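Enquirer: Which chain is which? The protein sequence lines are A and B, in order. Using the UniProt record's numbering, read the first sequence as starting at 1 and increasing by one per residue. Using the UniProt record's numbering, read the second sequence as starting at 1 and increasing by one per residue.
Think of the hints as simulated: they come from the structure by calculation, not from any bench. This structure is a prediction, so every number in the text was calculated from the model and none was measured. Treat the hints with caution; some may be incorrect.
Unchecked claim - Here are some chain B residues the structure puts well away from chain A; computed CB gaps all over 12 Å:
1) ASN199
2) GLN206
3) THR229
Stated by the list, open to error - Not everything, but these chain B residues come out facing chain A in the computed CB check (under 7 Å):
4) ARG78
5) VAL82
6) ALA88
7) PHE90
8) LEU217
Using N, Cα and C, we set each Cβ at its ideal position, and we do this for glycine too.
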Amino acid sequence: MSVIGKYFIFLGSLFGKGEKLSVYWRRFIEECVGIGVSSIFIVAIVSTFIGAVSCIQTAYNLVSPIIPVSTVALIVRDMQLLELAPTITCIVLAGKVGSNIASELGTMRITEQIDALEVMGINSSSYLVLPKVMAAMFTFPMLVIFAAFLGIFGGYLAGTLTGVITERDYLNGIRDSFVPYNLFFMCVKPFVFGFLIATISSYQGFFTTGGALEVGKSSTQAVTNSCISILIADYLLAQLLL
Amino acid sequence: MIEINNIVKSFNGKEVLKGITSNFQKGETNLIIGGSGTGKSVLLKCMIGLVKPDAGTVLYNGRDFYNSDKDTQQSIRREMGVLFQGGALFDSKTVEENVRFPLDMLTDQSASEKQERVAFCLQRVGLEAAAKRMPSEISGGMKKRVGIARAIVMNPMYLFCDEPNSGLDPLTSVKIDELIKEITEEYQITTIIITHDMNSVLEIGQNIFFLYQGDKLWEGKKEEITKTTVPELQEFLFSNKLLREMAR
Numbered sequence: 001m002s003v004i005g006k007y008f009i010f011l012g013s014l015f016g017k018g019e020k021l022s023v024y025w026r027r028f029i030e031e032c033v034g035i036g037v038s039s040i041f042i043v044a045i046v047s048t049f050i051g052a053v054s055c056i057q058t059a060y061n062l063v064s065p066i067i068p069v070s071t072v073a074l075i076v077r078d079m080q081l082l083e084l085a086p087t088i089t090c091i092v093l094a095g096k097v098g099s100n101i102a103s104e105l106g107t108m109r110i111t112e113q114i115d116a117l118e119v120m121g122i123n124s125s126s127y128l129v130l131p132k133v134m135a136a137m138f139t140f141p142m143l144v145i146f147a148a149f150l151g152i153f154g155g156y157l158a159g160t161l162t163g164v165i166t167e168r169d170y171l172n173g174i175r176d177s178f179v180p181y182n183l184f185f186m187c188v189k190p191f192v193f194g195f196l197i198a199t200i201s202s203y204q205g206f207f208t209t210g211g212a213l214e215v216g217k218s219s220t221q222a223v224t225n226s227c228i229s230i231l232i233a234d235y236l237l238a239q240l241l242l
Numbered sequence: 001m002i003e004i005n006n007i008v009k010s011f012n013g014k015e016v017l018k019g020i021t022s023n024f025q026k027g028e029t030n031l032i033i034g035g036s037g038t039g040k041s042v043l044l045k046c047m048i049g050l051v052k053p054d055a056g057t058v059l060y061n062g063r064d065f066y067n068s069d070k071d072t073q074q075s076i077r078r079e080m081g082v083l084f085q086g087g088a089l090f091d092s093k094t095v096e097e098n099v100r101f102p103l104d105m106l107t108d109q110s111a112s113e114k115q116e117r118v119a120f121c122l123q124r125v126g127l128e129a130a131a132k133r134m135p136s137e138i139s140g141g142m143k144k145r146v147g148i149a150r151a152i153v154m155n156p157m158y159l160f161c162d163e164p165n166s167g168l169d170p171l172t173s174v175k176i177d178e179l180i181k182e183i184t185e186e187y188q189i190t191t192i193i194i195t196h197d198m199n200s201v202l203e204i205g206q207n208i209f210f211l212y213q214g215d216k217l218w219e220g221k222k223e224e225i226t227k228t229t230v231p232e233l234q235e236f237l238f239s240n241k242l243l244r245e246m247a248r
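Chain A on its own, in the form it takes in the complex (with noise of 0.2 Å):
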């Protein structure tokens, strides 16, 4: 209970008295190339293999001759939106920017670069964590618009390179009971996700103590915190929104 004490007055820390907006602007966008455009290329490649997979996987269990073939298009599709795309994205970012930016804070606080700005009279979480969690939370929505399309492009590929749909069927099966809330609900994931991702790793980098290994050890502790309440968050929204 400490823990989550803790945690929720260092969420209260990150909005007291900060800097100059100029400060925060220029931060924002540092860490949105950081933590958005540099988890591109990740992205791009779990996306596109989870849809191939889950195209390829679809189909091999539906072999009935009453479901048209165009379902598993259909399955791909909402896979990807409802679940696929936003928690299997999110949960490689806290993987990837969730231990960096643990490890990052970690190493700042280890080498007292953390109780240097403290010194300056420098809101030390706010100027470094705040831009972080506006960045995350900006930037993995477009980051699981473009996983669920790319999946949707992966199932694609394999569907019809393999031959086991048709271009005709895949394409009539994404179009098919279309849902349009489900691209909302698909974006307030990684929103949420985003938030929990870059507060959660920011707070175990944050209050790091000792040395290399406790970086480490924050480091781990940030991605299996950010995996569990991502996970906790998805059941959540699941329940609360559908």
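Dock chain B against the given chain A, drawing on the hints supplied.
Expert: Okay, now just chain B, sitting in the frame of chain A:
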């Protein structure tokens, strides 16, 4: 002037500072010496507001740091320059950007004014040529000098140095010591140096404070230290052969 009164600090029930009281004079180098684990760094952290003492007061020219509102604390902090043990330079910024950082964050100076001030501070510590280099590309001694440049860029009234010559060769140590002493006298600031380097005591020590197991056991001028009758200080001092011979 900085006054500390009855500073007490414990961690997990262990008393690290046991009621320390002292005054640190303006325009002089005040050295806090003592062996490892005697509470020197904790005392420094209590003074600069990184660790809140359990009891006691820290007064900056009469302003009580811990019993002030946030704005006053902020303004006192902006009068401090701190040189951390490892330099604490920001890895992602060049030497020049590190020195300019407090100006960027805390002032509304124009770009040319900042540039002029940064160039002056880098020149003061002899690092004009390293302005564009990253902290990972410079030596330990250079990092300390950049740390000093960053500490003085805001014209501080109080300069704190945590073991400024740890990990440095004797020649670089002497240069760093001389630089700190020159800056202290030139700008008439109150300088507090944490060290267990006896060469520093001999080179730049003016007022010396000896800590032992969280207590201040001795306080005096450099000239008096070798005549001490405090056994713990004698043991600490005369572990150094040079001082042993000087005392004879």
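Enquirer: Tell me, which hint numbers fail for this structure?
Expert: Number 8 only.
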